[in-house]
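Enquirer: Each chain, letter by letter, is given below.
Protein chains: 2
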Amino acid sequence: MTRQLYELCGADPARIFSPYCWRSRLALAHKGLSFESIPWRFTETARLAFAKHDKVPVLVDGAAVVVDSWTIAQHLDDAHPEGPSLLHGRPETYRFIAHWTDSVVSAGIARMIVSDIPALLDPVAQAYFVASREKRYGRKLAEMTADRDAFVLEFRRNLYPLRRTVEAQPFLGGAEPDYADHIVFGSFMWARVTSRFTLLAEDDAVAGWVERMLDLYGGMARATPAA
Amino acid sequence: MTRQLYELCGADPARIFSPYCWRSRLALAHKGLSFESIPWRFTETARLAFAKHDKVPVLVDGAAVVVDSWTIAQHLDDAHPEGPSLLHGRPETYRFIAHWTDSVVSAGIARMIVSDIPALLDPVAQAYFVASREKRYGRKLAEMTADRDAFVLEFRRNLYPLRRTVEAQPFLGGAEPDYADHIVFGSFMWARVTSRFTLLAEDDAVAGWVERMLDLYGGMARATPAA
Numbered sequence: 001m002t003r004q005l006y007e008l009c010g011a012d013p014a015r016i017f018s019p020y021c022w023r024s025r026l027a028l029a030h031k032g033l034s035f036e037s038i039p040w041r042f043t044e045t046a047r048l049a050f051a052k053h054d055k056v057p058v059l060v061d062g063a064a065v066v067v068d069s070w071t072i073a074q075h076l077d078d079a080h081p082e083g084p085s086l087l088h089g090r091p092e093t094y095r096f097i098a099h100w101t102d103s104v105v106s107a108g109i110a111r112m113i114v115s116d117i118p119a120l121l122d123p124v125a126q127a128y129f130v131a132s133r134e135k136r137y138g139r140k141l142a143e144m145t146a147d148r149d150a151f152v153l154e155f156r157r158n159l160y161p162l163r164r165t166v167e168a169q170p171f172l173g174g175a176e177p178d179y180a181d182h183i184v185f186g187s188f189m190w191a192r193v194t195s196r197f198t199l200l201a202e203d204d205a206v207a208g209w210v211e212r213m214l215d216l217y218g219g220m221a222r223a224t225p226a227a
Numbered sequence: 001m002t003r004q005l006y007e008l009c010g011a012d013p014a015r016i017f018s019p020y021c022w023r024s025r026l027a028l029a030h031k032g033l034s035f036e037s038i039p040w041r042f043t044e045t046a047r048l049a050f051a052k053h054d055k056v057p058v059l060v061d062g063a064a065v066v067v068d069s070w071t072i073a074q075h076l077d078d079a080h081p082e083g084p085s086l087l088h089g090r091p092e093t094y095r096f097i098a099h100w101t102d103s104v105v106s107a108g109i110a111r112m113i114v115s116d117i118p119a120l121l122d123p124v125a126q127a128y129f130v131a132s133r134e135k136r137y138g139r140k141l142a143e144m145t146a147d148r149d150a151f152v153l154e155f156r157r158n159l160y161p162l163r164r165t166v167e168a169q170p171f172l173g174g175a176e177p178d179y180a181d182h183i184v185f186g187s188f189m190w191a192r193v194t195s196r197f198t199l200l201a202e203d204d205a206v207a208g209w210v211e212r213m214l215d216l217y218g219g220m221a222r223a224t225p226a227a
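These protein sequences, in sequence, are chains A and B.
Counting in my numbering, the first sequence runs from 1 upward without gaps.
Counting in my numbering, the second sequence runs from 1 upward without gaps.
Because the hints were derived from the structure by calculation, they are not lab data.
There could be a bad hint or two in this list.
Remember, identical chains collapse to one label, so a pair may be satisfied in a single copy or spanning two.
Computed list of lysine to any residue pairs in SDA-like fashion (alpha-carbon distance at most 25 Å, straight line) [said to hold, decoys possible]:
#	residue 1	residue 2
1	K55	A168
2	K52	A168
3	K55	T43
4	K55	W70
5	K55	E167
6	K31	P91
7	K31	P123
8	K55	G208
9	K135	Y160
10	K31	L87
11	K55	R164
12	K135	S103
13	K31	H88
14	K135	R157
15	K140	H75
Just chain A, with the same shape it has in the complex (with noise of 0.2 Å):
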């Protein structure tokens, strides 16, 4: 049986931006698995009804249906150890930086990108997307980033203990990635594939990662259609 990861895209399903699926595929490509790609969009939740889910990414993976990012890691350490390890081990140490990946770098890059995500989507998701939004966030999504040029360098400030992660060691992991980067970076895909907003300047040590992790594995990130 096929592996198949299916993952949150635009109305191009090659535009995959969901930072939890690119999680996900980033850690399936670190652990050198082959999988397909089933493109997935907003509101096609009966799709998943085999899964007992309604979110991306769902991973099925031999017999299992594996659903939640978090929960696929694992699992992919767990039923695959013969990879290279993503969590060594210890999922718990991982916690954190997903609750900080969460909080600031993805919170950061909502505020900074969010109007540009509709552009990207077919109408039913685009219609979905907009209203559920501007539910959630109380205001209009042009609102939500219209502070972007100022609140941009607040965000650089607040990525202070990446920088300097990064500018000790090549990555997150050490000399060689693992699951914190793909946490972290799954949110800078997010920004690229949606938005030509600038989130970093260019002499940033954080820039220089980001680098480092579009040529992983093959390149497969910046091989994916940036905005």
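Chain A is already provided as a structure; the job is to place chain B on it using the hints.
Expert: Relative to the frame of chain A, chain B by itself:
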């Protein structure tokens, strides 16, 4: 030869308050290694000449003289592999949380407690501390902490990744603490020993984690006099 840890203290040698010294003393306790605490005070650099260094912590462990808390943690795992692990053979993984702690936890705590530190010190150390910190920050210590009642709310929000992690598991290390816990908790001990200012709301999960840390290793941290 007795194992010795040179540690920054107040006029009272029991009032050990440097966050970096706390990292090392918690690491020693975690490994189950006994040590003699050697009180050290600001300006006593001549007493560290044997270590070719001018700051504490300094660890004397048999023939080894080890400076810098980061190097001490690695030394303890390498030289004493029989004790519980601090870094699980992956020190690179702990760099990120060290930089997060320095920039978010310690920098935030400094803005709330630095003006309380001089009262802890003997006159010589006090004069040095006030002059050097006012030069570093470019203003009076009392001005640094003047807005702390407002700033503490921002500080608590910034602890979000720590809070979410210790809501899901007892320690940053998982079911048991590891050096990630020592890194972050060192800063909370710095505040506890030097200031009566309340950092955390009582119902904050971070406060529950602080209580668990105070109980570890026979209540070593709890037994240290608080401000």
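Enquirer: Take the hints in turn and mark each one as holding or not.
Expert: Hint check results:
no.: 1; hint: K55 - A168; verdict: between (37 Å within a copy, 22 Å between copies)
no.: 2; hint: K52 - A168; verdict: between (43 Å within a copy, 24 Å between copies)
no.: 3; hint: K55 - T43; verdict: within (10 Å within a copy, 59 Å between copies)
no.: 4; hint: K55 - W70; verdict: within (13 Å within a copy, 41 Å between copies)
no.: 5; hint: K55 - E167; verdict: between (35 Å within a copy, 24 Å between copies)
no.: 6; hint: K31 - P91; verdict: both (16 Å within a copy, 22 Å between copies)
no.: 7; hint: K31 - P123; verdict: neither (36 Å within a copy, 60 Å between copies)
no.: 8; hint: K55 - G208; verdict: neither (32 Å within a copy, 33 Å between copies)
no.: 9; hint: K135 - Y160; verdict: between (32 Å within a copy, 24 Å between copies)
no.: 10; hint: K31 - L87; verdict: both (11 Å within a copy, 24 Å between copies)
no.: 11; hint: K55 - R164; verdict: between (34 Å within a copy, 22 Å between copies)
no.: 12; hint: K135 - S103; verdict: within (19 Å within a copy, 34 Å between copies)
no.: 13; hint: K31 - H88; verdict: both (12 Å within a copy, 21 Å between copies)
no.: 14; hint: K135 - R157; verdict: between (29 Å within a copy, 23 Å between copies)
no.: 15; hint: K140 - H75; verdict: neither (39 Å within a copy, 54 Å between copies)
Checked against the numbered hints given earlier, the structure breaks hints 7, 8, 15 and satisfies all the rest.
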